[in-house]
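*Asks:* Single-letter residue listing:
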Amino acid sequence: MALMKQALVGFAAVLLLAPALAVAGAPKPTVKIENPGQCIAPAEEMRRNHMDMLKHQRDRTMRQGIRGEKASLNECISCHASKSSGSVTGKDGFCQECHSYAAVKLDCWDCHQPKAGQKHAGAAGAKP
Amino acid sequence: MQLEQNSRTEELLFYVLAAAGGLVTVVGLAAALFMEHSGHVVTGMNNQVVWGMPHVFAIFLIVAASGVLNVASIGSVFGKVMYKARAPLSGLLALVMLAAGLMVIMLDLGRADRLVVAMTHFNPSSVFGWNVILYPGFFAIVGLYLWTLMDRKMNPYYKPAGLAAFIWRLLLTTGTGSIFGFLVARQAYQSAVIAPMFIIMSFAWGLAVFMIVQKSMFAWNGMTVHPAIRQRMKNLLGTFVAAVFYFVLVYHLTNIYFAKQTAFEQFILLSGGIFPTLFWGGYVFLGTIVPLLLLYVPDLNKIRGSVFLAALLVIVGAFSLLYVFIIGGQVYPLDIFPGMQVSSSFFDGKIDSYSPSLPEILLGLGGFGLAFTATAVGVRVLKFMPQDDIAKLENCGHMLD
Amino acid sequence: MNEPQDKSRRGFIGTAAVGTAGLGIAALAPGLHLIQVSQADTPTQGASSTVRWGMLIDTTKCASGCDACVKACNTENGIVETVKDARQGAQWIRKIELKDPKNGREHSLPMMCQHCANPPCVDVCPTGASMKRADGIVLVDRHICIGCRYCMMACPYKARSFVHQPLTEQNPEVPRGLGCVESCTFCVQRVDKGLKPACAEACPEGAMTFGDLNDPNSEIAQRLAREASTQVRADLKLNTGVRYQGI
Chain A
1 MALMKQALVG
11 FAAVLLLAPA
21 LAVAGAPKPT
31 VKIENPGQCI
41 APAEEMRRNH
51 MDMLKHQRDR
61 TMRQGIRGEK
71 ASLNECISCH
81 ASKSSGSVTG
91 KDGFCQECHS
101 YAAVKLDCWD
111 CHQPKAGQKH
121 AGAAGAKP
Chain B
1 MQLEQNSRTE
11 ELLFYVLAAA
21 GGLVTVVGLA
31 AALFMEHSGH
41 VVTGMNNQVV
51 WGMPHVFAIF
61 LIVAASGVLN
71 VASIGSVFGK
81 VMYKARAPLS
91 GLLALVMLAA
101 GLMVIMLDLG
111 RADRLVVAMT
121 HFNPSSVFGW
131 NVILYPGFFA
141 IVGLYLWTLM
151 DRKMNPYYKP
161 AGLAAFIWRL
171 LLTTGTGSIF
181 GFLVARQAYQ
191 SAVIAPMFII
201 MSFAWGLAVF
211 MIVQKSMFAW
221 NGMTVHPAIR
231 QRMKNLLGTF
241 VAAVFYFVLV
251 YHLTNIYFAK
261 QTAFEQFILL
271 SGGIFPTLFW
281 GGYVFLGTIV
291 PLLLLYVPDL
301 NKIRGSVFLA
311 ALLVIVGAFS
321 LLYVFIIGGQ
331 VYPLDIFPGM
341 QVSSSFFDGK
351 IDSYSPSLPE
361 ILLGLGGFGL
371 AFTATAVGVR
381 VLKFMPQDDI
391 AKLENCGHML
401 D
Chain C
1 MNEPQDKSRR
11 GFIGTAAVGT
21 AGLGIAALAP
31 GLHLIQVSQA
41 DTPTQGASST
51 VRWGMLIDTT
61 KCASGCDACV
71 KACNTENGIV
81 ETVKDARQGA
91 QWIRKIELKD
101 PKNGREHSLP
111 MMCQHCANPP
121 CVDVCPTGAS
131 MKRADGIVLV
141 DRHICIGCRY
151 CMMACPYKAR
161 SFVHQPLTEQ
171 NPEVPRGLGC
181 VESCTFCVQR
191 VDKGLKPACA
201 EACPEGAMTF
211 GDLNDPNSEI
221 AQRLAREAST
231 QVRADLKLNT
241 GVRYQGI
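Chains as they are written, first to last, in my numbering: chain A, 1 to 128; chain B, 1 to 401; chain C, 1 to 247.
In isolation and in its complexed conformation, chain A is listed as follows (with noise of 0.2 Å):
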């Protein structure tokens, strides 16, 4: 009985130390603020929610037609975007830094373009 109360709590001191033991071991992300300045919402509000803020926008923009809401993909990368690569993603990108620390996977740059400065759509509509 003895020895299972001390396997036990050998048990549980290593579930414990082990999560302290990686955090401690992996480098801390790098995040920059390349714009200082005010956010939609306060950072902490952001770290915590920034991913449903742009799954509700993105449903009502895509599904109904919904724009120039609050929360904007495209406003998060030209205000967030690395000023030396221009870029959300890749070496200190600015999503990617915490999204790899975290190891959550990051589905929005498949398809939207990371890299703030791109040429706007709107503009393109070639005259002839």
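Note that these hints are calculated values from the structure, not bench results. Yeah, the Cβ is synthetic: ideal placement off N, Cα and C, and Gly gets one too. Among the hints, erroneous ones may be present.
Claimed, not checked - Derived contacts from chain C toward chain A, CB cut-off under 7 Å, selection only:
#1 Pro43
#2 Arg133
#3 Gly177
As the list claims (entries may be wrong) - The list that follows gives simulated cross-link-like pairs (lysine to any residue, SDA-like), each with its CA atoms no further than 20 Å apart:
#4 Lys102/C - Gly349/B
#5 Lys132/C - Phe122/B
#6 Lys55/A - Gln45/C
#7 Lys99/C - Asp335/B
#8 Lys350/B - Ala86/C
#9 Lys99/C - Phe337/B
#10 Lys84/C - Ser357/B
#11 Lys260/B - Ala234/C
#12 Lys99/C - Gly349/B
#13 Lys84/C - Leu358/B
#14 Lys237/C - Asp335/B
#15 Lys237/C - Ser125/B
#16 Lys105/A - Ala118/B
As the list claims (entries may be wrong) - Chain B regions said to be covered by chain C (calculated; three or more residues, Cβ under 8 Å):
#17 48-56
#18 101-111
#19 120-130
#20 174-185
#21 335-349
Using the hints provided, position chains B and C relative to the given structure of chain A.
*Replies:* Only chains B and C this time, still in chain A's reference frame:
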């Protein structure tokens, strides 16, 4: 001592075979990963032939999965004692083949990583959408059915479970056939005859698969199928093969006389290169005429292995027919402007060509690998071997006719 | 083109906002960031079911060999083909050359998504990614497209393309990506700003008239009421949003 030696070789052989099947599966998975990573640019599929080799394999597996359950249904629903002994094996094969078919079709998706999306977003007007419900339902019902067959406590419920499985499998194959049957865009599809044709195809192909597996299992254990049982099953296979041929005939005749798709039929049956070759040589000759001769000509039928060969050829015919139906149906151009000659940068009006790439074929074979391995392991750990009580069968009068 | 939509309701957004309302604010407060301007904007109402966008194409004006509409579409939507096999490349709009074998009459026309009222692609899509907006524009929601290509099997116009290779040069307002199906969107990003699709704007002959089929005062509705027009594959009763003249 001798016996022990034998069983050890046998055991080794089993592990080698299971590992070989596993390897084929792993290679298939790797091929899928490669396709996923590079995009479908590494396949022979394009914007005209949007479904290729993986779909030929997957649809064969899914259709045959439903058909193989027929053996159990004949036992449970129609009360044939001889088939009842085969019900567990039939259920097992149905489950593993459906799983293998679904694996192939899922891994071919452009966004295979979105399997959860497919499960959580449902469009009730889509035939694919119905199938998303029909497939898991099939697993559940056949699983339950197997339980009633193999657990003595559950045994009293096997009849209703068998009936439910029988009805569900008819729905399932109707769903698979309707994927094509309701397509108005392409000449090869949109026909009411496709769903029943798929059902009868499933009967023939599923039974062929069952007979191959049964023969292999008996041979593995140094046994032979009782001649009377062999006789009954080969007659049933022959009936199904002939019925498939009838439906294929009706399908092409309706296309020619009713839907006026003469240009398309001319292409698929006469001028279309590989497609007429596969249709007449692969399906009609190898997959229909030769098996029927092997099954019904007494002199041929007496030869050892003739029924096994016939079942194998039925599967060769199945693949030929599916290739002609799926690929041939797509390479033929859409008739956007009936009666006009059309040309464009998007290959309008042109007959397309399709050559499957290696990853596609490996993915398809991976499905077979999975079905093989799962079956091999399943029959080894659980009691799936058909146990024929010949005396009882004779008592029931089953062996007389 | 008529401007059938209610501008005050739809509003201008994004860059257009900077061009109009934004300029005024920016002039008042030169240090203000772009993002803050857009925050001040109120979202648009979105697509309305009182509108049905459509296009009337006069093939008698469409010159054989001219592909101004195709080029404009590719520029607007960021379609740059890098695939070796052209059959795997995306074509949202293409020119079709037609010849009647009975009398030798030839003509040329642009073919793209016909924005059907009863679209087969929407019927068959297992996840609902293929969808029709309230204003009749048929789109693919790439967020839930699984790349099964069933819609491509179902479309009678061969209007859809599958993205066979990873993409990097998307236009910011036109996301596109590997493993999803796509097709003409009527340049929805422009339509929502009150502009017409790039192809219609680029056509040197003015052969493509874009507008609201439901608004009896729009040019397209008035011409459809006065002049003969056809739907391609009218036998399928899909009630297409794109209509043709002269075929």
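*Asks:* All the hints need checking, so say for each whether the structure fits it.
*Replies:* Results of checking the hints against the structure:
With 7 Å as the threshold, the beta carbon of Pro43/C comes within range of chain A, its nearest partner Cβ sitting at about 5 Å, so the hint holds. Checking Arg133/C against chain A by beta carbon gives a least distance of about 6 Å; that is within 7 Å, so the hint holds. A distance limit of 7 Å between C-beta atoms decides the matter here; for Gly177/C the minimum to chain A is near 3 Å, and the interface restraint holds. Proximity of Lys102/C to Gly349/B is assessed by CA-CA distance (about 17 Å); at most 20 Å being required, the pair is judged to hold.
This hinted pair checks out: Lys132/C and Phe122/B have alpha carbons roughly 16 Å apart, not beyond 20 Å. About 18 Å separates the Cα atoms of Lys55/A and Gln45/C, which keeps this hinted pair within 20 Å; it holds. Using a Cα cut-off of 20 Å, the hinted pair Lys99/C and Asp335/B holds, with the two alpha carbons roughly 14 Å apart. For the hint pairing Lys350/B with Ala86/C, the CA-to-CA distance comes to about 13 Å; that is within 20 Å, so the pair holds.
A threshold of 20 Å between alpha carbons decides the hint, and for Lys99/C with Phe337/B the separation of about 10 Å falls inside it, so the pair holds. Between Lys84/C and Ser357/B the CA atoms are separated by roughly 15 Å; this keeps the pair inside 20 Å, and the hint holds. The suggested pairing of Lys260/B with Ala234/C holds, with an alpha-carbon distance near 18 Å, which does not exceed 20 Å. At most 20 Å may separate the alpha-carbon atoms for a hinted pair to count; Lys99/C and Gly349/B meet this at roughly 11 Å.
This hinted pair checks out: Lys84/C and Leu358/B have alpha carbons roughly 18 Å apart, not beyond 20 Å. Taking the CA atoms of Lys237/C and Asp335/B, the gap is near 16 Å; set against the 20 Å cutoff, the hint holds. Of the supplied pair hints, the one linking Lys237/C and Ser125/B holds, its CA atoms being roughly 17 Å apart against a limit of 20 Å. Taking the CA atoms of Lys105/A and Ala118/B, the gap is about 18 Å. The hint holds against a cut of 20 Å.
Under the rule that three or more residues need a Cβ within less than 8 Å of chain C, the assignment of the segment 48-56 of chain B holds, with 3 such residues. Judged by the Cβ-Cβ criterion of 8 Å, the segment 101-111 of chain B is covered by chain C as claimed, because 3 of its residues qualify and three suffice. Restraint check on the segment 120-130 of chain B versus chain C: 8 residues with Cβ-Cβ distances below 8 Å, three needed, restraint holds. Check on the segment 174-185 of chain B: 5 of its residues sit with their Cβ under 8 Å from a Cβ of chain C, so the three-residue criterion for coverage holds.
Restraint check on the segment 335-349 of chain B versus chain C: 12 residues with Cβ-Cβ distances below 8 Å, three needed, restraint holds.
Of the numbered hints listed earlier, not one is contradicted by the structure.
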